[in-house]
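Kindly produce the complete structure, drawing on both the sequences and the hints.
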Amino acid sequence: MLRRLRHHIAIFFAVIGPGFITAMVDNDAGGIFTYSQAGARYGYLPLWTLAPITLLLVVTQEMCARMGAVTGKGLSDLIREEFGLRTTFSIMALLVFTNLANVMANFAGVASSLELFGISRYLTVPVAAAGVWLLVVRGTYDRVEKVFLAASSVYICYVISGFLVKPDWTQAAIYSVRPVLMLEPGYLTMLVGMVGTSVAPWMQFYLQAAVVEKGITAREYIESRLEVIVGCIAMTVIAFFIIVACAGAIHDVAPRDIQDATDAALGLRPFGQYAFLLFAIGLFNASLFAACILPLSTAYTVCEGLGFESGVNKGFREAPVFYWLFTLLIVVGGGVILWPGFPLVKMILLSQVINGALLPLVLIYMILLVNRDRLMKKWKNTRFYNVVGWSSVVVLIGLTVALVILSLRDLMAA
Amino acid sequence: MAGEILYLTELLGLKVYDLRRRPLGRVRDAVLVPRIHPLRVDRYLIAGGGGYSWLYVRHDQVARISLDGIWLSDELLVPYHADEYALRLVRDVLDQQIIDSRGRKVVRVTDITFEIRAEDSRDVLHVMEIDIGMRAVLRRLLQGWVPRRWIRRLQRRVPPNSIRWELCNIVEPDPQRRLRLNISMEPLEQMHPADLADIVEELSPEDREAIIEAIDTEVAAEALSEMDPETQAQIIESLDASKAADILEEMAPDEAADVLGELPEEASEEILEEMESAPKAEVEELLEYDEDTAGGLMNTEFIAVHENANVADAIDALRQRQELVDSINTVFLTDTDDRLRAALPVGRLFLAKPSTPVSDLVREDDEVIQTTTDAPAARVLELFDKYNLLTLPVVDEEHRLAGVITADDIISVLRNR
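Residue numbers (the working numbering), protein chains in the order written: chain W, 1 to 414; chain F, 1001 to 1417.
Quick caveat, the hints were computed from the structure, so don't treat them as lab data.
Treat the hints with care, since some could be wrong.
Unchecked claim - Using 25 Å as the maximum straight-line C-alpha spacing, the simulated SDA-like pairs for lysine to any residue come out as follows:
hint: 1; chain 1: F; residue 1: 1243; chain 2: F; residue 2: 1263
hint: 2; chain 1: W; residue 1: 314; chain 2: F; residue 2: 1222
hint: 3; chain 1: F; residue 1: 1105; chain 2: W; residue 2: 138
hint: 4; chain 1: W; residue 1: 314; chain 2: F; residue 2: 1153
hint: 5; chain 1: W; residue 1: 380; chain 2: F; residue 2: 1204
hint: 6; chain 1: F; residue 1: 1243; chain 2: F; residue 2: 1198
hint: 7; chain 1: F; residue 1: 1015; chain 2: F; residue 2: 1153
hint: 8; chain 1: F; residue 1: 1243; chain 2: F; residue 2: 1153
hint: 9; chain 1: W; residue 1: 346; chain 2: W; residue 2: 138
hint: 10; chain 1: W; residue 1: 380; chain 2: F; residue 2: 1209
hint: 11; chain 1: W; residue 1: 146; chain 2: W; residue 2: 156
hint: 12; chain 1: W; residue 1: 378; chain 2: F; residue 2: 1239
hint: 13; chain 1: W; residue 1: 377; chain 2: F; residue 2: 1088
Unchecked claim - Take a look, some chain W residues computed to stay more than 12 Å from chain F by CB distance:
hint: 14; residue: 48
hint: 15; residue: 52
hint: 16; residue: 59
hint: 17; residue: 77
hint: 18; residue: 85
hint: 19; residue: 89
hint: 20; residue: 130
hint: 21; residue: 131
hint: 22; residue: 159
hint: 23; residue: 215
hint: 24; residue: 307
hint: 25; residue: 340
hint: 26; residue: 380
hint: 27; residue: 398
As the structure is a computational prediction, the values presented were derived from the model and not from experiment.
No residue lacks a Cβ here, since even glycine has one placed at the ideal position from N, Cα and C.
Shown next as structure tokens:
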């Protein structure tokens, strides 16, 4: 009896990791900026979007985790096996590009968050890049995952800083359930941007690969699904507190646009040194965390899809493409931050366009795969799930098309 | 033309011409029938009539094959029909994972190289190699957009990376189909168990189980012992109980007990039911102990003789347990109640006369380092470290010899930390 109980608890703890880490990395520098901006400009109004965003996240993430557990293969493997090399190559090329831009954004987050404490980016970025490289190359997966899980707990910073600002909780509660639609371009851009930063193509690849790497099988799938759902909810809770903090600190004083996430941190300063500190530390942690995961996940995904040796437990000589790609992403992603004239904002906008183009594509392939009898057997999507899945795809396509148009417009203007 | 090579990606889309040199359709797949010929392409699948109907072209209906097309010598083509003995290279091999039995790793097929050979004055294709790596990726991406001959010239700059077809193992989970396609498990069985374990761990659960189920039980047991406990448990649980029991019987009792300890109780009991009584008793005994104690770490594969025995008796005891000879380094001396009295390095037996009593070989300063079944694992590690042990005897509360812990058990403990 005792052994059985221990067995079940052991399984739950054994499967913790993939879903939680993916959801946390989702709140990277770009995400924090988007949520801060939403709170600073529109106050509590955008809070209602968090519930549908959570649903979207859960639906997409759950499919990936299920595919990983049942087939034992990564998403890029499956796309390669079922749709051929050319499809895989095109998706991979787009993914490398958007992820590179994401890495840039996150190194920029590392640089600017530490500049709040007066440390020069010419010191912090090289040190962070070297640290990220060493952690992943020199650590085993288990140890790396533990470091990542520990980093996830730092997100609690946002919850505390949210409380320190003493926002209007009644308003926050009301607007969490009351949808507000305004036909104002700025508001629409913000809504689309929130969805866009929450559901990203790289997450699908990362989560499925992590589930496979962890050796989770169909048998432990129930526990794994729970973990994915808990992760998604935790992610939205963090987003909620970021919005609330910025609504209370910036919007309630004077609604305005913020320049970047550090601007939001500075906006919290009048509410006490701690609120500011915690927000800045949270930003630094999130940026560094994403700067770790994104290059690693990209290198894994690309190598698996194209059939090159991959994995941190192989040597440089055994898996040269893997290590080169991983290293290049970090060096280039960190390097451009130190390059004064680099058009970073333009790059990030461009990457949002490609992100937007890639996401529906990836989702369509995912739903096609998750419905194949031969692969999924009794774990195929149910009809209800397909209805929810396809309608999510349609909504996402609609939103991302809007986002692409808006980003293109900004890109022309920039 | 005979003697030249042709890649599968070039073959696909190649035009097929009839006797009057009119195009009939394009190649869509190449079929190997290993039961008839292991290397020769037996049939080509072509799509004609606007792509709606698929036809088979037999290898003896082809006159000539080149980069420009395929010319037939016979036009009586049969429509496509499913054939269980046929390996379709595009559907079944291209883009899938195979096992490279020489490089001992799992690789993904990007292209296949054929040699064009002359047979009875007609051109036939023989499979030569499986292509992986950059060169094949480049070739496939450009195919269809750049003329075939240009690609040939371009790819020369990229180093090739190929595996001979004979060294490739196709992973086929269905045993019936494996038989029909003549897929042998022998190359895998010849590998070092540790290499085989690495390969199996890289595959999907379904393929893993298929391989472990298909290969020789002894090899499966050895390979399984090299895997990490979770994977072991997953594989064992997926097999049917009697097969799982057969494999566990071949494993060392302590390892078998560890695997069963990872399983849910019903599953492990079902497997124990199926095991033969002798190994079952040993495994059951070991299952009683907590895995973080000396009892959980130990195995019951040791040799003990009575303290009054002589050297000849001891060597006889070794002969009785020949399977242990490669790994054993100590013989234990016990009294009539099986209580541990002394430990004797095996080497000393061979330097003494057969009639010498074993107790004479024990030196004054030989103290038996030992531990009890309930000692924590940390204490065991400490003893191994402090006394540089190879083998540590474990005794129960009545001081009877219950088992031994060997250095390789300690290495696994350290690695899993």
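Do the hints match the structure? See the list:
Pair hint residue 1243 of chain F plus residue 1263 of chain F holds up; C-alpha atoms about 16 Å apart against a cutoff of 25 Å. For the given pair, residue 314 of chain W sits about 23 Å from residue 1222 of chain F by alpha-carbon distance, which is consistent with the 25 Å threshold. Taking the CA atoms of residue 1105 of chain F and residue 138 of chain W, the gap is about 22 Å. The hint holds against a cut of 25 Å. Annotation: proposed proximity of residue 314 of chain W to residue 1153 of chain F is violated, straight-line Cα distance about 33 Å (limit 25 Å).
For the hint linking residue 380 of chain W to residue 1204 of chain F, the alpha-carbon distance of about 17 Å falls within 25 Å, and the restraint holds. With a C-alpha separation of about 22 Å, the suggested pair residue 1243 of chain F and residue 1198 of chain F falls inside the 25 Å cut-off, and the hint holds. Of the supplied pair hints, the one linking residue 1015 of chain F and residue 1153 of chain F holds, its CA atoms being roughly 22 Å apart against a limit of 25 Å. Pair hint residue 1243 of chain F plus residue 1153 of chain F does not hold up; C-alpha atoms about 53 Å apart against a cutoff of 25 Å.
Only pairs whose Cα atoms come within 25 Å are accepted, and residue 346 of chain W paired with residue 138 of chain W is rejected, the gap being roughly 34 Å. Proposed proximity of residue 380 of chain W and residue 1209 of chain F is supported: the alpha carbons are some 21 Å apart, at most 25 Å. Taken as a hint, the residue 146 of chain W and residue 156 of chain W pair is honoured in the structure, with Cα atoms around 17 Å apart against an allowance of 25 Å. Between residue 378 of chain W and residue 1239 of chain F, the direct Cα distance comes to roughly 19 Å. Compliance with the 25 Å bound is thereby established for this hinted pair.
About 23 Å separates the Cα atoms of residue 377 of chain W and residue 1088 of chain F, which keeps this hinted pair within 25 Å; it holds. Under the 12 Å C-beta cut-off, the non-interface status given to residue 48 of chain W relative to chain F holds; the minimum distance is some 41 Å. Distance to chain F confirms residue 52 of chain W as a non-interface residue, since its nearest Cβ pair spans about 34 Å, more than 12 Å. In this structure residue 59 of chain W is separated from chain F by more than 12 Å, as the shortest Cβ-Cβ distance comes to about 24 Å.
Under the 12 Å C-beta cut-off, the non-interface status given to residue 77 of chain W relative to chain F is violated; the minimum distance is some 8 Å. The claim that residue 85 of chain W is not at the interface with chain F is violated, since a C-beta of that chain comes within 12 Å of its own (minimum 5 Å). A Cβ of chain F approaches the Cβ of residue 89 of chain W within 12 Å, the least distance being about 6 Å, so the stated non-interface status is violated. Distance to chain F confirms residue 130 of chain W as a non-interface residue, since its nearest Cβ pair spans about 28 Å, more than 12 Å.
The claim that residue 131 of chain W is not at the interface with chain F holds, since no C-beta of that chain comes within 12 Å of its own (minimum 24 Å). A cut-off of 12 Å between C-beta atoms confirms that residue 159 of chain W is not in contact with chain F; the least separation is 34 Å. Against chain F, the non-interface label of residue 215 of chain W is violated: not every CB pair exceeds 12 Å, the least being about 6 Å. For residue 307 of chain W, the shortest C-beta to C-beta distance to chain F comes to about 3 Å, within the 12 Å cut-off, and the non-interface label is violated.
At roughly 36 Å from the closest C-beta of chain F, the C-beta of residue 340 of chain W stays outside 12 Å, upholding its exclusion from the interface. The claim that residue 380 of chain W lies off the interface holds: its Cβ sits roughly 15 Å from the closest Cβ of chain F, which is beyond the 12 Å cut-off. Every CB of chain F lies more than 12 Å from the CB of residue 398 of chain W, the least distance being 32 Å, so the non-interface label holds.
Going through the hint list in order, the structure does not satisfy hints 4, 8, 9, 17, 18, 19, 23, 24.
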